[in-house]
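Line order of the protein sequences matches chains A and B. Quick note: the first sequence uses the numbering used here, first residue 1, plus one each step. Quick note: the second sequence uses the numbering used here, first residue 1001, plus one each step.
Please keep in mind that the hints were generated in silico from the structure rather than gathered at the bench. Mixed in with the good hints, there may be bad ones.
Restricting the straight-line Cα-Cα distance to at most 20 Å, the calculated cross-link-like pairs of lysine to any residue (SDA-like) are [stated by the list, open to error]: (1) B:Lys1087 - A:Glu31; (2) B:Lys1087 - A:Leu133; (3) B:Lys1087 - A:Ile132; (4) A:Lys15 - A:Pro156; (5) B:Lys1087 - A:Arg33; (6) B:Lys1103 - A:Ala77; (7) B:Lys1002 - A:Val52; (8) B:Lys1103 - A:Ala139.
One-letter residues, chain by chain:
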Amino acid sequence: MTQLKTKTRSQTKIKLLVDLGILIGFLIAMEPRSRGLAVHEWLATSLIAVLVIHLLLSWDWIVQITRRFMGRVNRQARINYILNWLLFIDGAILMLSGFMISEAVMPALGIQLPRNFAWRGLHELSSNLFLILLGLHTALHWNWIVDAFKRYIFQPIGKLFPNRSRKDIAA
Amino acid sequence: MKTLGHILIILAVFALVMGITYVVVSRGNSSASGIIPRSGSGNEQFSSTPGATPGFANGQSLQFPGRDRNEFHGGRGGGGLLFGAIKNIAIIGIIVAVIVLPKSWMQKRKRTAQAAVG
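Next up, chain A with everything else stripped away, as it sits in the complex (with noise of 0.2 Å):
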């Protein structure tokens, strides 16, 4: 039981980082302007593997709903699966439309790939798409996110600062 426990906490503990990695290095990958296309490009190539990790954490939860979608799963966890299939798939096809467009990766792997007007739009189409589902995903999740972080995060700077929080508590 112990064990479990310690297991679940550390597995927690690797999710928050991954996915504060997630959201930091999909932040930068969102403004190309900013920092250049390539580093744009190589960035949310390296995603991919961050995201499959993010998949593999969560994996247990994913055949669970997977086997009882038809049967019964309670609302919230529908919704939190479809959301995440929608996810997913915008994920790929803004991954796709971003190597047709690619003008870093692929030349640098030697693929080259003809121009088409339609993958440009879908691109932009699309990373605004996972803008608006990523802002869902964490909405369903928010409060997985506000007890990590006071566990992981604000716990431990607290206790940092022990005669600080015994005023604070005082006060």
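Chain A is fixed; fit chain B onto it per the hints.
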């Protein structure tokens, strides 16, 4: 081994979605008007004017509507990144607030009503 299997499943589904998208977009644009060969692919020999985009009439060049992709190369520095990041965080924050605040307000109201009944 189990993890490797999971990774392969994720990548396979990812590739499947990408493949379907590629087929749909390619079919939608099967008419050659939207497809222009990338410069350097060997087809630029047909454009007689320097700077002209292959596939366009002499002197005309490829222009995307709105932002020009070439402007990305220079980089705008940290200010642009900060502004863009704040804008994107604000969008996410607004979406979170729109969903989380009414939800917590309703939960509070429900709890108050239950306490009043109890």
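These are the hints, each one checked on the structure:
Between lysine 1087 of chain B and glutamate 31 of chain A the alpha-carbon distance is near 10 Å, which keeps this suggested pair within the 20 Å criterion. A distance of roughly 16 Å separates the Cα atoms of lysine 1087 of chain B and leucine 133 of chain A; the hinted pair therefore holds under the 20 Å criterion. Restraint check for lysine 1087 of chain B and isoleucine 132 of chain A: satisfied, since their Cα atoms lie roughly 13 Å apart, inside the 20 Å limit. As the CA atoms of lysine 15 of chain A and proline 156 of chain A are separated by approximately 17 Å, the hinted pair is consistent with the 20 Å bound.
Between lysine 1087 of chain B and arginine 33 of chain A, the direct Cα distance comes to roughly 14 Å. Compliance with the 20 Å bound is thereby established for this hinted pair. For a cut-off of 20 Å, the pair hint linking lysine 1103 of chain B to alanine 77 of chain A stands: about 15 Å separates their Cα positions. At roughly 14 Å between alpha-carbon atoms, lysine 1002 of chain B and valine 52 of chain A fall within 20 Å of each other, so this suggested pair holds. For the suggested pair lysine 1103 of chain B and alanine 139 of chain A, the alpha carbons sit about 10 Å apart, so the restraint of at most 20 Å is met.
Violated hints for the displayed structure: none, as all numbered hints are satisfied.
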